[in-house]
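Enquirer: These are the residues of each chain, in order.
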Amino acid sequence: MIPSKFQYKRAESVSDALSMMSDDAKLLAGGHSLLPAMKLRLNQPDTLIDISRIEELKSIKDEGDHIVIGAAATHHDIAHSNLVKGACSMIASGAGQIGDIQVRNAGTIGGSLAHADPAADWPALVIAAEATIRVQGQGGPRDIPAASFFTGFYETALADDEIITEIHIPKLPAGSSSTYVKFVQPASRFAIVGCAVVKNAAEGEVGNIKVAVTGVSEMAYRAHGVEDELMGQVVSDESIDRAAARATDHVDVLSDHYASEKYRKHIAQVYVRKALETLK
Amino acid sequence: MGNYIGKSVKRVEDKRFLTGKGQYTDDIVLHQQTYASIVRSPYAHANIESIDTSAAEKAVGVVAVFTGKDFADSGIAGVPCGWQVNFKNGDIMKEPPHPLLVADKVKHLGDAVAIVIAESKEIARDAAELVDVSYDVLDSVVDPKKAAQPGAPLVHEDCPNNICFDWELGNPKSDVNAAIEASHHVTTLEFVNQRVIPNAMEPRAAIGDYQAAGDKYTLYTSSQNPHLIRLLLCAFVLNLPEHKVRVVSPDVGGGFGSKIFHYTEEALVIWCSKQIGRPVKWTSDRSEAFITDAHGRDHVTKADMGFDADGKITALRVETYANLGAYLSTFAPAVPTYLHGTLLQGLYTTPVINVDVTAVFTHTTAVDAYRGAGRPEATYLLERMIDLAALEMEMDPAELRFKNFIPAFDGVEQEGYMTQVALQYDSGDYDPVLKKALDMVGYDDFRAKQSALDNGKLIGIGFSTYIEACGIAPSAVVGALGARAGLFESAQVRVQPTGKVSVYTGSHSHGQGHETTFAQVVADRMGIPLDDVEIVHGDSESVAFGMGTYGSRSLAVGGSAIVKSIDKVLEKGAKIAAHLLEANADDLDYAGGKWTVKGTDKSIAFGDVSLTAYVPHNYPEGLEPGLDFSSFYDPANFTYPFGAHIAIVEIDKSTGKVELQRFIAVDDVGNVINPMIVDGQIHGGLAQGIGQALFEGAIYDDNGQLINGSYMDYCMPRADDLPSFEIDRTVTPCPHNPLGVKGAGEAGTIGSTPAVVNAVIDALWSGGHKVKDVKMPMTPERVWSAMQSDQA
Ligand SMILES: Cc1cc2nc3c(=O)[nH]c(=O)nc-3n(C[C@H](O)[C@H](O)[C@H](O)COP(=O)(O)OP(=O)(O)OC[C@H]3O[C@@H](n4cnc5c(N)ncnc54)[C@H](O)[C@@H]3O)c2cc1C
Chain A
1 MIPSKFQYKR
11 AESVSDALSM
21 MSDDAKLLAG
31 GHSLLPAMKL
41 RLNQPDTLID
51 ISRIEELKSI
61 KDEGDHIVIG
71 AAATHHDIAH
81 SNLVKGACSM
91 IASGAGQIGD
101 IQVRNAGTIG
111 GSLAHADPAA
121 DWPALVIAAE
131 ATIRVQGQGG
141 PRDIPAASFF
151 TGFYETALAD
161 DEIITEIHIP
171 KLPAGSSSTY
181 VKFVQPASRF
191 AIVGCAVVKN
201 AAEGEVGNIK
211 VAVTGVSEMA
221 YRAHGVEDEL
231 MGQVVSDESI
241 DRAAARATDH
251 VDVLSDHYAS
261 EKYRKHIAQV
271 YVRKALETLK
Chain B
1 MGNYIGKSVK
11 RVEDKRFLTG
21 KGQYTDDIVL
31 HQQTYASIVR
41 SPYAHANIES
51 IDTSAAEKAV
61 GVVAVFTGKD
71 FADSGIAGVP
81 CGWQVNFKNG
91 DIMKEPPHPL
101 LVADKVKHLG
111 DAVAIVIAES
121 KEIARDAAEL
131 VDVSYDVLDS
141 VVDPKKAAQP
151 GAPLVHEDCP
161 NNICFDWELG
171 NPKSDVNAAI
181 EASHHVTTLE
191 FVNQRVIPNA
201 MEPRAAIGDY
211 QAAGDKYTLY
221 TSSQNPHLIR
231 LLLCAFVLNL
241 PEHKVRVVSP
251 DVGGGFGSKI
261 FHYTEEALVI
271 WCSKQIGRPV
281 KWTSDRSEAF
291 ITDAHGRDHV
301 TKADMGFDAD
311 GKITALRVET
321 YANLGAYLST
331 FAPAVPTYLH
341 GTLLQGLYTT
351 PVINVDVTAV
361 FTHTTAVDAY
371 RGAGRPEATY
381 LLERMIDLAA
391 LEMEMDPAEL
401 RFKNFIPAFD
411 GVEQEGYMTQ
421 VALQYDSGDY
431 DPVLKKALDM
441 VGYDDFRAKQ
451 SALDNGKLIG
461 IGFSTYIEAC
471 GIAPSAVVGA
481 LGARAGLFES
491 AQVRVQPTGK
501 VSVYTGSHSH
511 GQGHETTFAQ
521 VVADRMGIPL
531 DDVEIVHGDS
541 ESVAFGMGTY
551 GSRSLAVGGS
561 AIVKSIDKVL
571 EKGAKIAAHL
581 LEANADDLDY
591 AGGKWTVKGT
601 DKSIAFGDVS
611 LTAYVPHNYP
621 EGLEPGLDFS
631 SFYDPANFTY
641 PFGAHIAIVE
651 IDKSTGKVEL
661 QRFIAVDDVG
671 NVINPMIVDG
681 QIHGGLAQGI
691 GQALFEGAIY
701 DDNGQLINGS
711 YMDYCMPRAD
721 DLPSFEIDRT
731 VTPCPHNPLG
741 VKGAGEAGTI
751 GSTPAVVNAV
761 IDALWSGGHK
771 VKDVKMPMTP
781 ERVWSAMQSD
791 QA
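Protein sequence lines, in the order shown, are assigned to chains A and B. Per this note's numbering, the first sequence runs over residues 1 to 280. Per this note's numbering, the second sequence runs over residues 1 to 792.
The shape of chain B in the complex, shown without the other chains:
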């Protein structure tokens, strides 16, 4: 440990954010910029009979209006999907086009039918109302299970039963069926992991700027991965020369997954800019964000978990219908499959597992990765099942977990753990997280209090012991699983002549604090002050091709790439230092920002070496000048953080209102660079996971209208809804990356949701209401109804 790693260094980016000096896409104003407003379908499913744009075109200040017809002969089919999953029979998944503007048939509320470009956003918005679209409204379907039934309205005509693909993973179904059959006890649960809406604080925005002189394109966009957007835009959507295209993701106000994907608006503003010869800016408003940002979750699941008489898990069988929405978003197919099915081993030694997923189109907004992406769905399933099994078998839920935990392995002395569902865990030690959490909660006291309670309330405790896979991912592995991209990361460490260091990372920070954490790593490894390090990200013109930030990968993958470049810098620096010190490079030690000849006080400072690298008068023969190295890091494996979360809730019997009283989280995210930032990630993640359990959830009616598409109706968790979190950690380093880090961005969200739901179920059982499930979000009415329907 050096001066910075492991310390809660204050975030260097916060000065900019807290003083209003952040530069978000919508803050950028280009010369001659125009403003776009998009005309969107008010229906979930309808034929477009006609579009009359004449009144809008005539409005003063309108520059241009485009509709789907303008793309008819352009060869532009729409935005592609970045992950291919095949049907069980080997057929390629259905991949219907996702046009930039719809010409014939709208497929979800908010589908884009026209774009109006004007001198101001107000004029654009007014003129958008003048576009007269005549629709023939058709029946729609929003529920994935219903959509997969014969006779359901079709989203895409050439996609029978709306099924995009079916998919299976794990042991043969016959083995799993037999093991379930032979079990002493089987816990069965049918449940919905409801659709949630990401709600990043900054709505999406994009500016397209085509400069005819030089034939250059610049896209400013609120994206988590600018290079990926550039690749998709150039190679798959608009067929542009990649070297002429620059994509900039400046400050981005939160993503939670929803800003990973390549959205139609990004291609639209570029295309429109070329048509009109001026920059075009589009900024989503909040209402638009609710219906066009990709949503998360939305699984309808049935699961059976078998146990022997002793409480050991014997088998797990899972059938899920996953709602994809109307179109395939960039990584949508991966979420219910390789990011969900592969996590169903959890922390347990379950000997046989089979998961069967049917991915279905519906007349709703696209669903894709949302904080946790697949792993929260897997964790929710496992942790609900095991707590329910404990209630049913009258066993202690903590004991039941200890009984089934995979024994500790460090991934060095002991091999990584091979699961039944295609993964090899890197390192893990699961007893300590749960033990620690039990100590923190005072478990024995709680049970005594619970049985003694007599005040019109019920209290309950719920557990969740999770594992997740992040640091996504070894390119060859994900390629074999269908990814149409690599998942390495790039880093360039450019030492300036004076010894100051600029680091160019392909990771993208949109709230995570990379400018601080990465700088801590660089400063410590190079033995220089933090202030001497600048982290540059988000601009495809300055940064080497990188893959961006999602799946808690930035430090594990992006940080490792930086370490590789630092190693190269120090190796070359040692040669220069050796030359200047007239010593052998092998005889030098590097520490505290200088090279020292071992056993002497002869040394030379980093800044002298860097200056020499750029003023190579007295220089090693044959060595190139300069001190500037790029690296690409492709991880050997995923990383596997884990943890134990415990919730304590109180239910008001008269109303059913749940109050979360305590929340304990013990997470193991490997080594920690900046504890404050990790705590912040855990806190935010917990709030989101608890939000799903108690407050959030998209509600579509049968006509595909989103009923709660505003903050007056869609309930985000707020500070006063939450207790002060009690968090702690254990540290099991990742054995396969140089920093030993695992990733902390999603852990809070992944672990917390089932803990809260389990606590409510536990409270209900303690009051004699032996219900298996209360739908999320667990509104007062739902909990109250559960108490009415089952007075056991």
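Chain A extracted, bound-state conformation:
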């Protein structure tokens, strides 16, 4: 549990951090994914660049039709932000379901997204929210839609020399609702299945529904099959059943000692149904 030797540098600003970056350096945010890996010597960077104290990365702001969450905002800050609750409630409730209180106090949204753990909660949340992830490199900022940010098992569209700076989350229009439900792995409390649903519609009728699922496959995904079943449908037990049955359409379902492929698939359906039922 002793990491190999590294240098610690604290960045005062995003540009400061960018100027410190090199091939053998890693950004340090909450450290709740990176440090365990370093202690097990699975990861042995020469230098850590601490971005967790950069003020500009920690704010949560209202920008009219969307909110902007700084990459270094902690899960706890997000879970308790009234601004977030008002804009898209599942973002706050999902953040509040991550790990335990210690994890939420230290871990950050940016760190989680960059780490891209297939069982993490944030990926499903940002995909269902149709968030945009703003990253910054030497060449300036670029925006990556959440749907194309995750590219594989612990892999993202982020380049080596880029920092995630902001997560832009559209505010839900009046009459919409959102929810996040999670079936936890009992030891780590990561998601075996996490399901985020956003419903932009008046009661009863389903106009526009977005469903994203994490924990089930090598990366979180938008469950288009589920959405298709509900598009333009009245939400009923029957339509929910049909929709939930398609929770894992076209994905390779993971298997491990907590949940075999068969069971995980079943739980994905149960939790998609659960999420949809709360929005009925």
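Since the hints were made in silico from the structure, they are not lab data. Fair warning: this is a prediction, and the values are worked out from it, not measured in the lab. Hints are supplied without guarantee of correctness; some may be wrong.
As the list claims (entries may be wrong) - Listed next, the stretches of chain B that the computed footprint assigns to chain A, with coverage defined by at least 3 CB atoms under 8 Å from CB atoms of chain A:
{"#": "1", "region": "118-125"}
{"#": "2", "region": "696-708"}
Unchecked claim - In silico DSSO-like pairs for lysine-lysine, Cα to Cα no more than 27 Å straight-line:
{"#": "3", "chain 1": "A", "residue 1": "K280", "chain 2": "B", "residue 2": "K564"}
{"#": "4", "chain 1": "B", "residue 1": "K564", "chain 2": "B", "residue 2": "K575"}
{"#": "5", "chain 1": "B", "residue 1": "K575", "chain 2": "A", "residue 2": "K262"}
Glycine included, each C-beta is placed from N, C-alpha and C at the ideal position.
Given the structure of chain A, go ahead and fit chain B with the ligand onto it with the hints provided.
Expert: What follows is chain B with the ligand alone, placed relative to chain A:
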């Protein structure tokens, strides 16, 4: 009852622990101390082709690197086993060497191949990565039943079929077979009592300190029994002069059995310290703890229980394969045999019992005593069988138990109960614990609720009525059963001139609160304030040879030794008091810290007597000065706590997730000195037992890799997994020790596991899923699968 016994006195040690002032082995920093890191095998079974230590040796800050080769000509064979069990045919068990560092062939994941000693722990850890070991990986076997089959990969070449010993106890097998055959109903169950990992909060640590001037050795170690470690280290491992060796177990952060055993690292740090002439500290990290602390349980069992038409048990037959791991840990052979087979009478009048155990080596971490040690395995078996029988015979599980309980006996007027499996129970009254538990749970209401339920859930109730044997143990008895040690306890009560009392106990506290409980006993018996008593333990230099703490023995055995010394102090004190009061010692009463001449108001205080003992100017003729007595107490029998546990669970039909809704425990641990501490022991024990039922379990793959060797994967029970426990007691005093105490350290763990599993099975049957077993830990997937596979 005096001022303290029976009261929930706050734990005196907690101030130190809660303010961070505890002194654990890793907190100790000695002058010129070095740090060790151990290079461990990443494979379960492999030949070591070569070890190249040159790069590590050259690293800046490295002091020395040793490998198995360094022991080749030393005559040091390794750590011994402390309990001998013979094969059925009388042959001595196989006892392969357990070397301090392996030179030729590693036998489990984490087997130690080299030790790197450096100026800091960081340098040691970095340099350990520079040790280049080349392995030729071999096939391995992790399951005890598979390991015992011909053709399985061998752990030790000279141990055919990996069998360490086979063993049998009870009535002749032919009698038991006939009784089973003749039974009206036979319940048969094959099950696994899975391997669990102890996970004490403090990882193990050891510091070896050899001082050439004086030729003295000091070992600081996170151990439950420092004297035993000293004896083994000196007499069996390193051949050291025992009077030159001091073993200190300072504050120890939990043991649960895993810190009883003599580990290789303890001998290694001492040996290395002598080689380099500086103290050597080794501290396990959590990953290391997962693969090197001795594990618990791991039985694969088949059992048959026969019943007559009336529901009376007619016979019990048990066959178990017990996994010992790759090496024999200190008390490993005792656990599946004399701590398991002997408990299979349970609380029942079963007329014939036969238990057959095959103890097997596998390519896994050693298995030894873990909270309960053998008794949880026996209880799990019995209580699963009887609940299952009730379901199968459509009888009430509580009724079935009442029908089979041994009638009450107090061990004084009525003799102790002789079992079919070599024990004589001390005292017992079993109906009241179950009755009380049934009252607490509201049994009748529960059944009505269960059948009416219609909300996507299933609910179930599970019972466990257990007995255990603790206060281990009469030395002659355990000696006859193979123990290579006595199991008495020592105590010295040293009255200081001012009347303050220092008590030196051979028991060791690593969470149990002895500094409080023992002080309560001393203060009450001597009629002095609690603050006037100090309990000293854990240092072989100050404490007389003692046997340490495990098997819920501290109060029953260690406390009894203290009482013996107190009696001697008061007897001598009375002589001094009589002299000073110019009375006859027989005419004195001792109470409230003073001796009084009966029927008068003439008295003298304890402190005046103690002062006189050390300033013996006016003193009885011929009496030695001083007031300081040592005693050794060897118990007459084990003690036998018992109890009734009831679990209520709810299963979510859609996921199979089990929620423990209520847990009721009524335990009888004999007399209670400190109710709060007993409650704490019960609570902790319940959490551990429930943990085994629902969450915990080591998972090895076929290559002997531990898949869940971290807290991200190995699920310990947490507060939010558990309901608020509902606990109560009955009190049946132990008839054969002076305090009438039985022991409370393991009861919670022993009783609780089968109650939870039985509740899940009951819930499944209530939903029409007539499965016999769901493997522990009963994960949501396993319970869900049980509901899919049997839609009866
Ligand atoms: C016990 C435990 C339980 C947990 N349970 C859950 C859970 O239930 N659900 C869940 O989702 N997660 C869980 N986590 C993970 C937790 O949420 C982490 O905090 C998160 O995954 C990583 O965030 P961090 O801020 O700690 O990042 P760090 O560990 O500091 O960094 C992670 C990676 O991201 C990179 N990085 C960090 N910030 C940025 C940035 N702004 N731009 C680019 N790269 C960056 C780092 O270089 C590193 O590679 C758990 C962790 C633990 C230890």
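Enquirer: Give a verdict on every hint.
Expert: Outcome of the hint check:
{"no.": "1", "hint": "118-125", "in the structure": "holds (count 3)"}
{"no.": "2", "hint": "696-708", "in the structure": "holds (count 3)"}
{"no.": "3", "hint": "A:K280 x B:K564", "in the structure": "violated (73 Å)"}
{"no.": "4", "hint": "B:K564 x B:K575", "in the structure": "holds (17 Å)"}
{"no.": "5", "hint": "B:K575 x A:K262", "in the structure": "violated (80 Å)"}
Checked against the numbered hints given earlier, the structure breaks hints 3, 5 and satisfies all the rest.
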